[in-house]
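*Asks:* Read off the chains here:
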Amino acid sequence: MKDRGYTGKILEVNLSTEKITEITLEEEILRKYIGGRGLAAKILWDRLGSRWEEIDPLGPENLLLILTGPLTGFYPGARICVSGKSPQSNGIVGSTVGGEFPVELKCAGYDGIIISGAAKSPVYIFIKDNDVEIRDASHIWGKDGKETIKMLNKEIRSELEKKYRNFGKWKEPGILYIGPGGENKSRMAVVMCKWTHAAGYGGYGAVMGSKNLKAVVVKGTGPLPEVYNPMRMRFLLDEVYRVYIERDGMRRWGTGSGGYAVGYISSSEPVRNWQEEWHDEKSFGVDKFERKVWVKRYWGDYGCPTTCLKIAVVKTGPYAGAITDNPDYELQAYLGTNLGIFTPEENVYISALIDDVGLCGINAGNVLGFAAELYQRGILTKEDLNGIELKWGDAKAFAKLIELIVKRKGIGDILAEGTFRAALKISEMKGVDVMKYAVQAKGIAIGAHGIRSRLDYTTPISYVCSVQGGDHTSVARIPIESHGSEVVRAMLDSAVICIFNYFGKPKLFWDFFEAVTGWHETPESWATENGLRIIQIQRAALLLGGPDFSWDPKIHDENPPRFYEPLPTGPCAGQAADREEVEKMKKEYYEKVGWDENGIPKSEVLLKLGLKDVDEALNKVRRRYK
Amino acid sequence: MAGRDGQIWIMRDFIKCSGCRLCEIACSLAHEGKIWPEASRIRIFMLVPGIEIPHLCTQCEDYPCVDACPVNALSVNKTTGAVIVDKEKCTACGLCIQACPGKIPHLHPSGKYILICDLCDGDPQCVKVCQMGKWNALWIVPRSTVEKQCKLYARTPEEITKELTINLYGKFGEELL
Chain A
1 MKDRGYTGKI LEVNLSTEKI TEITLEEEIL RKYIGGRGLA AKILWDRLGS RWEEIDPLGP
61 ENLLLILTGP LTGFYPGARI CVSGKSPQSN GIVGSTVGGE FPVELKCAGY DGIIISGAAK
121 SPVYIFIKDN DVEIRDASHI WGKDGKETIK MLNKEIRSEL EKKYRNFGKW KEPGILYIGP
181 GGENKSRMAV VMCKWTHAAG YGGYGAVMGS KNLKAVVVKG TGPLPEVYNP MRMRFLLDEV
241 YRVYIERDGM RRWGTGSGGY AVGYISSSEP VRNWQEEWHD EKSFGVDKFE RKVWVKRYWG
301 DYGCPTTCLK IAVVKTGPYA GAITDNPDYE LQAYLGTNLG IFTPEENVYI SALIDDVGLC
361 GINAGNVLGF AAELYQRGIL TKEDLNGIEL KWGDAKAFAK LIELIVKRKG IGDILAEGTF
421 RAALKISEMK GVDVMKYAVQ AKGIAIGAHG IRSRLDYTTP ISYVCSVQGG DHTSVARIPI
481 ESHGSEVVRA MLDSAVICIF NYFGKPKLFW DFFEAVTGWH ETPESWATEN GLRIIQIQRA
541 ALLLGGPDFS WDPKIHDENP PRFYEPLPTG PCAGQAADRE EVEKMKKEYY EKVGWDENGI
601 PKSEVLLKLG LKDVDEALNK VRRRYK
Chain B
627 MAGRDGQIWI MRDFIKCSGC RLCEIACSLA HEGKIWPEAS RIRIFMLVPG IEIPHLCTQC
687 EDYPCVDACP VNALSVNKTT GAVIVDKEKC TACGLCIQAC PGKIPHLHPS GKYILICDLC
747 DGDPQCVKVC QMGKWNALWI VPRSTVEKQC KLYARTPEEI TKELTINLYG KFGEELL
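The listed protein sequences correspond, in order, to chains A and B.
For the first sequence, the residue numbers in my numbering are 1 to 626.
For the second sequence, the residue numbers in my numbering are 627 to 803.
Worth flagging that the hints you see were computed from the coordinates, not collected in a lab.
Small disclaimer: the values here were computed from a predicted structure and weren't measured.
Note that beta-carbon positions come from the ideal geometry of N, C-alpha and C, so glycine has one too.
You may find that some hints are simply not true.
Covered by chain A, per the in silico footprint, the following chain B stretches (three or more residues, Cβ under 8 Å) [claimed, not checked]:
1. 643-650
2. 662-676
3. 716-726
4. 755-763
5. 768-775
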C-alpha cells in the first residue's frame, strides 16, 4: 500500500502476552474502509463481531484501536482516530483527536496500533521507529495530564540524547495518555493529547485504563509515506491553506465565540442541564475570554492553517493557576452555561480540571448538570452528594464533585458511569424516574447543539438516528450524502481529518483524497457504497450492544424527553421537538439509509454491500421483534 | 564578516508561534521533496504545550560552528550569510552542535550529515508560509538592522522554553518545567 499515503504497516501489541507484531492489510480492505473510523469498524467487526454482545468493553477482550488515515499528516490539520467497543454505547465510536502524535506515528512507519489484552500492572508503550517496547509506567500512574507530559518528555528526551550522542537536541515525542479518570475506568474518560486535546466521545480512556495502559509514546524520524500524485497534492495543499487562512472569524475566536452566540443567537446551548437553551450573559462573550484569559491567540496542531485554538490562563483571583485551551465552544457550554457558570475564569478553571483528570468535557459536563438538576429538584440531597451543596454556578462545588467522580467516591462512583447509567441507578435508588432529566442518546451525552430552536445545524433526528449517539460531530441528516450527514463524516473520520478544515471548501478535500490515494470518491458515491458500509457495521454493533445494555430502536431511537419540553426563554420560547415530525423524519431516514421499519439494516442492503456476516448477526436482533 | 549589505535575517517572535508547523512542512518539502518533520532545518519544539519554539540558525557574526568543523564541511555563503553544509565532507561528528550556543544544528535522520538552515538561498520558505498565514512569528529583516542581537537568539530550546513558560503562564509555569 505504498504510494497512497499509507505506510502499509499496522502495529499490534498484545499487553497480556507482551507479543509485538506487525500486520499488513490488503489493498481491497483499505480501499473500502480507508483508515480511522472505517477501518476500526472493519477490524472490530472481524475480530469481535461474532460474539459482540458478550464482549465487555472494559475487559481484556476489547481492542483499543489507534488509527491514522491516508490523509493524516498530508491534509492540513493532523488527527488520529481512537476506537474499540465503546463503554458508553456498547457500539463503535470513531473518536478523533488532533496533535503531532499521528504524524510521529506515521513517520515511525505505522498507520496505526491495535492494542489487545491487558497488562498486569501499569505500562506505557514506547515506539522509536521500528523499536517498540512495553515499559513500566508505575511511576506515572496516578499523575494528571500536565505531570504525565512533563515526566514523559523528560524521560524520553534524555534517553534519546544519551543513545544518539551526536544527533543534537531531540524534539518532544508524540504522547497519547490517560489521566486518573481513565485509570479509574470512568466511562466518561478520554484518550488525551497535549494537555487539552481529547478523543472525547466513546469513553476510550476507560478502555485504555482497563488495559493498564497509561500512555503511548512515539518518536518517528522517517518522512511521511509517498502519495499517489505528489505534484497535485502540493498544488492542493496551497489551495487548502489559502481557503482556511481567509476564514478570519474562525481563526480569531475558534469555536470560542459560541459560548455567548449559540445561546443568544441560536437558542441551542445547554443552560442548567438544558432547562433553557438561551441566555444573554455578556460576561461570557468571546471578547471577555480574549481580554481576560487568552495569552496565546493562535494555537494549532500539525499542519493546520486555521489554528482555531487559544491558550487560556487565569493569573489572579480564586481560580489562579488554571491553564487550558480556549475553552472551545463545547466546553464553554458544558462546563460553563450548562452548570450556570458565566465567567471565563470559572469556565477555564473547570475545563482545566477536567482536562487534567482526563475526563470528557461534554460527557462530564452533562452528568454534572444532571446531578445539579437533581439537587435543584431535591431528588439528590446534600447528604447524597457527600456534603456538597451543588448549586448552579458554584464552580468550587462542581470541582469537588469532579474529584469524587475521578476517585469514584460515594455518589462519584455512580456518576462516573456517565449520565445514562447514573440515571438508571439513581432511578432505582430513589424510586423516581430521573431518566427524564438525562440529556443523552444511546449512552452518549448529547453535544452542545440543541434541536428545539431550529436555528442550529441540527435537525429533529440528528441524535435520534446517529450511530454515535449524542456525538454532535456525527449526526443523522437527510440527504445522507450532504456534508453535514454522518455518512459523509465517516469519511472525514476515516481519512482522518478535522471537520473545521472541511467546511470552507469541501470539494478540495475530495480532490485531495484522490491526489493522495489515487482513489476517486464523491459524497454521492461514498454515501451509496463505502461510507454506507461503515455506517451499517456501526449500526449493527450498536443494536447488538451488550453486555450491560442493548438498545431497542423502538425505544431508544428517540430524543431525550427534555427536547419535547417547550423552551422557556428567549426568542424561541415555546418551541419544542414534535413527536409526529420526529417519527416521520425517522421513517424517511431509515429508508434512505437502508433500515427496515424496526430500524434494523435490511438484508438486501447488507448483502449488496458484501456484509453477509453482519446480516446473519442481526438475525438475533430481528428475532426480538417476532 | 564583511559584506553584510543586502543580507537578510529571519526575525522570530516565539509568543506568536501557533505551533502549526507549516514552516517545518515548507522547509522539508523545499529541501527533501517530502513532508519530513525530523529533516526540517527549522524545528518547532513543544517541550511544554502552548510554548512552541521555532528553532533555527541565527547566523552568528563569528560563526562558531564553522570554526569548529574539523573537516571544513561548513562554509558561509557570501551573498546570503547562511551556513552551507557540504554533505559529502560532513562526518556527522557533532562538533558544530557543541560549538553552537543554542545547540541548533541537528543530524539528518539518515545520520550522515548535519542540517543547518541555508536561508533557502535568500528566499526562506518557512517565512513565506508563516507570513501567508498571518501569524507573523517569522519575518524577514535586513541583517544590518539586527547585527548585534542575532547571536543572542542562539539559545537552547530548554532555555527559551523555561523563560517563555514563565512569561506566558506566570509563576504557575514553574511547575510545568
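*Asks:* If a hint holds in the structure, say so; if it doesn't, say that too.
*Replies:* Checked hints:
1. 643-650: holds (count 5)
2. 662-676: Check passed, 12 qualifying residues.
3. 716-726: This one holds; 4 residues, not fewer than the three required, reach chain A with a Cβ under 8 Å.
4. 755-763: holds (count 5)
5. 768-775: violated (count 0)
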